[in-house]
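Q: Sequence:
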Amino acid sequence: MSRPTGASSVGCADLAAVEVEPGVERLAARLFYPCKRLALASWLAPVTWLPHFNYARGYVDYLFRFIQKRTLKHHVAQAALTAACYGLGASRVLPVHYQAPVEPGGRQFPVVVFSHGLAGTRNAYSSICIELASQGYVVMALEHSDGSASTARLPQLPAAAASTANGISNGSGGGGGGGHSSGAKGTHPDTTGGGGGGSEWCWYGGLGDKPAQLQKTRHRVAEVEAAYLLLDRLNRGQTEGVRELPAAVASGFRGRLDMARAAVIGHSYGGATAAGAASQLPVFKAAVCLDPWWDCFPEEWPTLHRWANPAPMMVIGSHDWNTPGIDGKLKCGGENQERVLAAAAAGGGGALLVVPRHSSHGSFDDVMLLFGKSMMHLLAVLGIKSSLEPRLAHRINMWSIRHFLDKHLPPPQQQQQQQQPPAAAAAAGAATAGAPIRAGEDQAFRDSFVGENAAILRVCPAAAAAAAAAGATAPEPEMRAAGGGAGGGMMNGQEGSQASARVAAPAGATVQ
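Counting in our numbering, the sequence shown runs from 1064 upward without gaps.
These aren't lab readings, by the way, just hints derived from the structure by calculation.
There may be inaccurate statements among the hints.
The calculated lysine-lysine pairs, modelled on DSBU-like cross-linking and capped at a C-alpha distance of 30 Å, are [unchecked claim]: (1) Lys1470 with Lys1273; (2) Lys1273 with Lys1394; (3) Lys1273 with Lys1099; (4) Lys1470 with Lys1099; (5) Lys1132 with Lys1394.
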């Protein structure tokens, strides 16, 4: 992997936590952050893309789930491919320093929570996370516990709690892998001394039927919120229940995170998760949805009707998911995509849709970027291919993300929030909105190299911003196409706590 372009060196550290908030009993993630320059650290402790054999096993197991009748040849091929996958993944060294001290100085870092797609892991989008960290962001890349990860290394719970962990079972056909491991388990030592326990491996559990899918979406959004709350605790120096993160690293985050400048990013299922979180959680000031899979929302959520949070949203879709198939439909879920864009314009901060020409669903994770040349033929057989050169795809993605966040996150806060009481800090953060999307937002993209490579550029201005510009109230969103293109209840608020920014989903009428 090539070195990031930002001015900061990048550190990374794994962390886990238990009992983060009601409904999320355990959380696992990897932090990417600006770190102190350590010239020899990468040589002394190299960080590889696949840090454990079980990650290779999880990826390959997921691929072979689609073979209905397996023979001995399939089992032999699976074992060989797993070994090859681990060999390649373990040979790719990331340009990061493991558990390095946080970059010294007084500046505060905006934060990003990253949600992976189906069969993803905390490592699957390292290229995006590392680049953002080099630009001064602290990124928490989740490893979801709902069974949607190909494999997840989760903190162990006490036996009594483990039987109902996260309220999601890991049945063979169905609901996911929150609390139980249906495969082998590996034990890892707890390095912080805080909270005890080890960790266990939980394998991909399938999407299940529609009710199970909706439950996964609810749980994923709850984990995104829990990740924000965990970052807020680190910012306050509260490390109770946090595992694996060394005290020397954890202390470096105290007072250094600008929690009023928080964004949520995700790919595929994670892209929809990002929209679901940003549509109703005021702590998030912007959302970036990478080739989202839209058909996963409870019908009553404001994500589909009228956003309850004024966060602007950028969607970077792939060309193949935004081009009608033989049946005339879009793979991303075209009908719901239109509803989400309209809902973001009606009650949120507006929406922007960018579709790079010749891009594919695999143009966002690390696979093509790291293995496109060495595994081109195998990836093509598996349906993982793209006509857009992977390095160009990464440049387009990162320019778009950086431009969007720089423009739409609130300006840096002058007062450090950890000095405020939790309720006051949460209220202040919720009151600081990101800049809304306005008509003509696509022009900067057109004027850059992104415009030269874009198949679709479409702006859906925030209705409130459009009304303010017109000097009148305009409840319906204005939507402007540019450059052509293809035609259960939510979480309840907790008064006077860090979670006070939650909102309940209003009924709302569908925006056509």
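Q: Compare the structure with each hint and give your call.
A: For each hint, the structure was consulted:
Only pairs whose Cα atoms come within 30 Å are accepted, and Lys1470 paired with Lys1273 is rejected, the gap being roughly 37 Å. With a CA separation close to 18 Å, the supplied pair Lys1273 and Lys1394 stays within the 30 Å bound. The straight-line distance between the Cα atoms of Lys1273 and Lys1099 is roughly 47 Å, outside the 30 Å bound, and the hint therefore fails. Proposed proximity of Lys1470 and Lys1099 is supported: the alpha carbons are some 27 Å apart, at most 30 Å.
For the suggested pair Lys1132 and Lys1394, the alpha carbons sit about 27 Å apart, so the restraint of at most 30 Å is met.
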